[in-house]
Every structure is written in structure tokens, then in C-alpha cells.
Amino acid sequence: MGLRIHFVVDPHGWCCMGLIVFVWLYNIVLIPKIVLFPHYEEGHIPGILIIIFYGIAIFCLVALVRASFTDPGRLPENPKIPHGEREFWELCNKCNLMRPKRSHHCSRCGHCVRRMDHHCPWINNCVGEDNHWLFLQLCFYTELLTSYALMFSFCHYYYFLPVKKRNLDLFVVRHELAIMRLAAFMGITMLVGITGLFYTQLIGIITDTTSIEKMSNCCEEISRPRKPWQQTFSEVFGTRWKILWFIPFRQRQPLRVPYHFANHV
Numbered sequence: 001m002g003l004r005i006h007f008v009v010d011p012h013g014w015c016c017m018g019l020i021v022f023v024w025l026y027n028i029v030l031i032p033k034i035v036l037f038p039h040y041e042e043g044h045i046p047g048i049l050i051i052i053f054y055g056i057a058i059f060c061l062v063a064l065v066r067a068s069f070t071d072p073g074r075l076p077e078n079p080k081i082p083h084g085e086r087e088f089w090e091l092c093n094k095c096n097l098m099r100p101k102r103s104h105h106c107s108r109c110g111h112c113v114r115r116m117d118h119h120c121p122w123i124n125n126c127v128g129e130d131n132h133w134l135f136l137q138l139c140f141y142t143e144l145l146t147s148y149a150l151m152f153s154f155c156h157y158y159y160f161l162p163v164k165k166r167n168l169d170l171f172v173v174r175h176e177l178a179i180m181r182l183a184a185f186m187g188i189t190m191l192v193g194i195t196g197l198f199y200t201q202l203i204g205i206i207t208d209t210t211s212i213e214k215m216s217n218c219c220e221e222i223s224r225p226r227k228p229w230q231q232t233f234s235e236v237f238g239t240r241w242k243i244l245w246f247i248p249f250r251q252r253q254p255l256r257v258p259y260h261f262a263n264h265v
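Per full-length UniProt numbering, the sequence shown starts with residue 1, numbered consecutively.
Some clues are possibly wrong.
[Stated by the list, open to error] Simulated crosslink set (BS3-like; lysine-lysine; CA at most 27 Å straight-line): (1) Lys214 <-> Lys94; (2) Lys101 <-> Lys80; (3) Lys33 <-> Lys165; (4) Lys164 <-> Lys33; (5) Lys227 <-> Lys214; (6) Lys101 <-> Lys214; (7) Lys94 <-> Lys80; (8) Lys227 <-> Lys242; (9) Lys101 <-> Lys227.
In short, the hints are calculated from the structure, not lab data. All values reported here derive from a predicted model rather than from experimental measurement.
When you get a sec, could you build the whole thing from the sequences and use the hints?
Structural data, given as C-alpha cells:
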């Protein structure tokens with residue numbers, strides 16, 4: 001989709017990302033088979049609810065894949081420093097290369113990333129200037145998909161009419177209670193974790209502060225002008241059209257903002 005592929009060789013990250021994919025597959029296969037399709041066939045729910053479920057699942061998967069394999073903003077070995085912006089660049093004391101301020105050196109990846117927020121093992125990649133918007137979409141759609149699945153699981157036992165036509169020879173029917181309990185446990189765990197992460201990410205964007213800057217407390221001495229939240233979100237997502245903030249299929253184009261406004265640290 002017009003972005004450079006970025007692949008991190010990290011077995012720990014592969015395991016974390018594999019776990020996320022497993023949870024996604026577990027819910028995307030079993031929830032429709034146990035809950036959605038049987039109730040749809042008996043007329044308890046409209047088909048649009050199934051379409052919405054798969055739509056959210058596709059958006060979630062696309063955001064995950066793109067956030068994992070998109071270059072987060074890795075700096076080249078010999079970056080070209082625009083004339084007049086040299087005062088906003090500094091020397092990295094780990095890789096001895098010039099980098100813009102607000103960049104950070106990732107010890108796990110072994111290079112500097114522009115406006116790096118943190119290294120996330122769950123996507124096996126850094127979260128930086130070029131894929132931060134995809135990471136936010138991943139958090140949003142994961143939370144939405146998890147809430148949707150938990151809602152249908154609750155309605156399946158306490159609100160919907162009992163399903164009459166059931167093939168008791170199917171494995172998922174014979175072990176339905178155990179499967180749904182495991183799905184509920186994973187869903188609640190994911191929902192609690194993602195909610196906290198998503199909240200901290202939103203606060204960071206509103207205050208125009210990365211997670212690394214928060215941990216180092218360097219922003220207490222920053223005297224850069226505060227920007228409205230619409231501006232900070234537009235810079236992260238690369239567009240001022242708010243509807244496009246929710247689309248993971250597009251290509252991000254950096255907004256042209258005054259350099260001192262975005263990098264004065």
C-alpha cells in the first residue's frame with residue numbers, strides 16, 4: 001500500500017504476535033459458529049450483525065498486519081538534513097548517527113526511529129511516526145471486536161431464545177460451555193489490557209507527548225506551544241479528514257507543519 005516493509009527478527013516478538021493472531025482466529029471462527037450463525041438461521045438476529053462482526057475483524061487484522069510490517073520511521077545511515085533545520089537535529093550516543101529531536105534509539109531493533117513512542121512486542125515492531133496511526137487503529141478495533149464478541153456471548157446465554165436445531169455430534173456443540181468460557185476469559189483480559197493502553201495512547205496524543213518522553217520526564221522542561229487536539233491527531237494520522245482516521249487501508253501522508261512546532265524538544 002505504498003509503505004516500506006519492515007521486518008524485525010525477534011523470536012519473543014513472534015511469540016507475542018502469534019498469540020494475538022491465535023486469539024483473533026479463536027474468536028473469529030468459534031463465536032460465529034456457536035452464536036451468530038445458529039441464531040441467524042433461526043431468525044433471532046439480522047444478518048447485518050454478522051456482516052458488522054466480520055467487518056470489524058477484517059479491519060482489526062489489517063491494522064495488526066500493517067502496524068507490524070510497516071517501517072515505523074527508521075532513520076537511514078546517512079540522513080539528509082535540510083538546511084536551516086540542523087539545530088533541531090542531534091547525535092545519537094548509541095549508533096553515532098544524526099537524528100531529529102524526539103527520535104529515539106531502540107535497543108531491540110538496533111536503530112533510531114523518528115518520534116518513537118515505544119517498542120511493542122505484541123506487534124513485533126516499534127511504534128513510531130509512520131505506524132503510530134495504525135497502532136491506534138489496532139487498539140480501537142481490538143477493543144471494539146472484543147466488546148462485540150463479549151456482548152454476543154452474554155446475549156447467547158441470557159437474552160437470545162434457545163437454539164433448537166443443534167447437531168450434538170459437533171465438537172463445538174458438545175464442548176460449547178468450555179469454549180465460551182475460554183473465549184470470555186480471553187476477551188475480558190484483552191479488553192482490560194487494551195482499554196488501559198488505548199487510554200494512555202490517547203492522552204499522549206492529546207498532550208503531544210510520547211511514552212518515552214513521559215518516562216524520562218523530559219517534557220516537564222519543554223516550552224513548545226500547545227496545539228489543539230485536532231492538530232495533534234491530524235499529525236499522527238496524516239490527514240485532517242476525521243473519517244479517514246478509521247481506515248487502515250489507505251496510505252499516510254505526513255502533514256506539512258512548522259518544523260519547530262513538531263520537533264522542538
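Status of the hints after comparison with the structure:
no.	hint	verdict
1	Lys214 <-> Lys94	holds, 21 Å
2	Lys101 <-> Lys80	holds, 14 Å
3	Lys33 <-> Lys165	holds, 13 Å
4	Lys164 <-> Lys33	holds, 15 Å
5	Lys227 <-> Lys214	holds, 18 Å
6	Lys101 <-> Lys214	holds, 15 Å
7	Lys94 <-> Lys80	holds, 19 Å
8	Lys227 <-> Lys242	holds, 17 Å
9	Lys101 <-> Lys227	holds, 18 Å
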